[in-house]
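Chemist: Fit chain B to the known structure of chain A by using the hints.
Chains as they are written, first to last, in my numbering: chain A, 1 to 191; chain B, 1 to 191.
Keep in mind that the hints were calculated from the coordinates and are not lab data. There may be inaccurate statements among the hints.
No copy is singled out in the list; a pair is fine if it fits within one copy or between any two copies.
[To be verified] In silico DSS-like pairs for lysine-lysine, Cα to Cα no more than 27 Å straight-line:
hint, residue 1, residue 2
1, LYS4, LYS75
2, LYS46, LYS145
3, LYS119, LYS134
4, LYS190, LYS177
5, LYS110, LYS91
6, LYS177, LYS145
7, LYS145, LYS190
8, LYS170, LYS145
9, LYS119, LYS170
10, LYS145, LYS75
11, LYS110, LYS90
12, LYS145, LYS134
13, LYS75, LYS190
14, LYS177, LYS110
15, LYS91, LYS190
16, LYS190, LYS46
17, LYS134, LYS91
18, LYS4, LYS90
19, LYS119, LYS75
20, LYS170, LYS110
21, LYS91, LYS10
22, LYS145, LYS4
Predicted model, so just to flag it, every value in this text is computed and none were measured.
There are 2 protein chains.
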Amino acid sequence: MNRKTLILQKALELFNEQGSRNITTNHIVEALEFSPGNFYYYFKNKEAIIREIFVQMIEEWESDLYQLDTIILSKDVLTLMLERTGLFFKKYSFIHKELPFLIDNDAQLKEINSQIQEKRLAQLHTMLEFNIQKGVFRELSEGEKEFFVDILWLGSLFWQPYLEVSGQAKEPQNSDKILSHFQLLFEIYKA
Amino acid sequence: MNRKTLILQKALELFNEQGSRNITTNHIVEALEFSPGNFYYYFKNKEAIIREIFVQMIEEWESDLYQLDTIILSKDVLTLMLERTGLFFKKYSFIHKELPFLIDNDAQLKEINSQIQEKRLAQLHTMLEFNIQKGVFRELSEGEKEFFVDILWLGSLFWQPYLEVSGQAKEPQNSDKILSHFQLLFEIYKA
Chain A
1 MNRKTLILQK ALELFNEQGS RNITTNHIVE ALEFSPGNFY YYFKNKEAII REIFVQMIEE
61 WESDLYQLDT IILSKDVLTL MLERTGLFFK KYSFIHKELP FLIDNDAQLK EINSQIQEKR
121 LAQLHTMLEF NIQKGVFREL SEGEKEFFVD ILWLGSLFWQ PYLEVSGQAK EPQNSDKILS
181 HFQLLFEIYK A
Chain B
1 MNRKTLILQK ALELFNEQGS RNITTNHIVE ALEFSPGNFY YYFKNKEAII REIFVQMIEE
61 WESDLYQLDT IILSKDVLTL MLERTGLFFK KYSFIHKELP FLIDNDAQLK EINSQIQEKR
121 LAQLHTMLEF NIQKGVFREL SEGEKEFFVD ILWLGSLFWQ PYLEVSGQAK EPQNSDKILS
181 HFQLLFEIYK A
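This is chain A alone, in the form it adopts within the complex (with noise of 0.2 Å):
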């Protein structure tokens, strides 16, 4: 493994254990065990690691097998989407507890975020309208339609940070509430 990789995959490591405010350059220089001048050719700073993660989380979802906007939705497909998700969140777990203030802090990771998400939502509107034209879905209102992408993408990626504010997460069986959720979502929306 070539050390850009090493540096990624320590930082990732560090950041999920300890959360990414905590974790100094330095910490993984020296978790790794690099001369400090072989870690700055590849990376500026803190921010530029993150960075990077962060796109190459984007390019992992998106070689995803899952063609958002054309698949039809059922409850089995509806799960294994979430549980897929589920386990993508876990894996870059610092980006999705952290995202408002890396956001904050750095302007370029603000900007690539803000196109990600454009795209995401878009994506799950054109889900919801193939499904409605499939017939899976009834017809909606463009209310019905805005809380159920909002629903959606609010639960995607605050479930777990509202889990461990409302003092919900020591229950680990409620990790799994937002699956049944969204199955009840779906209920209410089916044809």
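Modeler: Below, chain B alone, put in the same frame as chain A:
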């Protein structure tokens, strides 16, 4: 106004404007033109100020007119409640924005918050049961009750961070979208 109140006010102002992580006790002392000794007589450190602001927020919330447990819901009542909640969250915006971090960084605050959250969730469940009893809502399954409470609370706690992360904060009218979402939720559940 006494010195303690002045410190709390100035701290809240600076935390809301710049984020509590970017503000030190020195910044607060300088902004108030107090001597450091004067300041440390009241608060040992930044965490102590944040805890006091948090407790003040809770007391303000609880002294409020609404008795959450015994309120009969309607679209108008819901709108009013949400508008008030919105103003309240705005007044203490740094807390709502940073809560996942604040509780990570301060075990005492984590404990205080955990008790409040438990109480809040219990109140929302009581409110729901009360409104089923009164015939405002139809009979609901356990899953539907959990859905209602979680969406209501997740939406209340994370709507603003969600708008920022998802790039929807640019359009001010999106702040109010949560209102129509909750009204839709009300429609789905009403008798």
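Chemist: Each hint should be assessed against the structure and marked as holding or not.
Modeler: Hints, one by one, checked against the model:
For the homomeric pair LYS4 and LYS75, neither the shortest alpha-carbon distance inside one copy (41 Å) nor that between copies (56 Å) is at most 27 Å. Within a single copy, LYS46 and LYS145 get their C-alpha atoms no closer than 39 Å, and across copies no closer than 44 Å, so neither meets the 27 Å cut-off. Taking the shortest alpha-carbon separations for LYS119 and LYS134, only the intra-copy value of 22 Å comes in at or below 27 Å, while the best inter-copy value is 44 Å. For the identical chains of this complex, LYS190 and LYS177 are neighbours both inside a copy (20 Å) and across copies (23 Å), given an alpha-carbon limit of 27 Å.
In this homomeric assembly, LYS110 and LYS91 come within 27 Å of each other (Cα to Cα) both inside a single copy, at 21 Å, and across copies, at 25 Å. Within a single copy, LYS177 and LYS145 get their C-alpha atoms as close as 22 Å, and across copies as close as 12 Å, so both meet the 27 Å cut-off. For a Cα distance limit of 27 Å, the shortest separation of LYS145 from LYS190 qualifies both inside one copy, at 12 Å, and across copies, at 20 Å. With identical chains, the CA atoms of LYS170 and LYS145 are at most 27 Å apart between copies only, with a shortest distance of 20 Å across copies and 33 Å within one.
In this homomeric assembly, LYS119 and LYS170 come within 27 Å of each other (Cα to Cα) only across copies, at 16 Å, whereas the closest approach inside a single copy is 34 Å. In this assembly of identical chains, LYS145 and LYS75 lie within 27 Å of each other by CA distance both inside one copy and across copies; the values are 18 Å within and 20 Å between. When the C-alpha separation of LYS110 and LYS90 is checked against a cutoff of 27 Å, the pair qualifies both within a copy, at 21 Å, and between copies, at 22 Å. For the homomeric pair LYS145 and LYS134, the shortest alpha-carbon distance inside one copy (16 Å) is at most 27 Å, but the shortest distance between copies (30 Å) is not.
Proximity of LYS75 to LYS190 under the C-alpha cut-off of 27 Å is found in both arrangements, the shortest distances being 10 Å within a copy and 25 Å between copies. Taking the shortest Cα distances, LYS177 and LYS110 sit within 27 Å of each other only across copies (23 Å), while inside one copy they are farther apart (30 Å). Taking identical chains as interchangeable, the C-alpha atoms of LYS91 and LYS190 are never at most 27 Å apart, the minima being 32 Å within one chain and 40 Å between chains. In this homomeric assembly, LYS190 and LYS46 never come within 27 Å of each other (Cα to Cα): the closest approach is 46 Å inside a single copy and 51 Å across copies.
In this assembly of identical chains, LYS134 and LYS91 lie within 27 Å of each other by CA distance neither inside one copy nor across copies; the values are 34 Å within and 46 Å between. For the homomeric pair LYS4 and LYS90, the shortest alpha-carbon distance inside one copy (22 Å) is at most 27 Å, but the shortest distance between copies (43 Å) is not. In this homomeric assembly, LYS119 and LYS75 come within 27 Å of each other (Cα to Cα) only inside a single copy, at 24 Å, whereas the closest approach across copies is 33 Å. Taking identical chains as interchangeable, the C-alpha atoms of LYS170 and LYS110 lie at most 27 Å apart only when they sit on different chains, with a minimum of 13 Å there against 32 Å within one chain.
For the homomeric pair LYS91 and LYS10, the shortest alpha-carbon distance inside one copy (13 Å) is at most 27 Å, but the shortest distance between copies (40 Å) is not. In the homo-oligomer, the alpha carbons of LYS145 and LYS4 never lie at most 27 Å apart, since the shortest distance is 43 Å inside one protomer and 49 Å across protomers.
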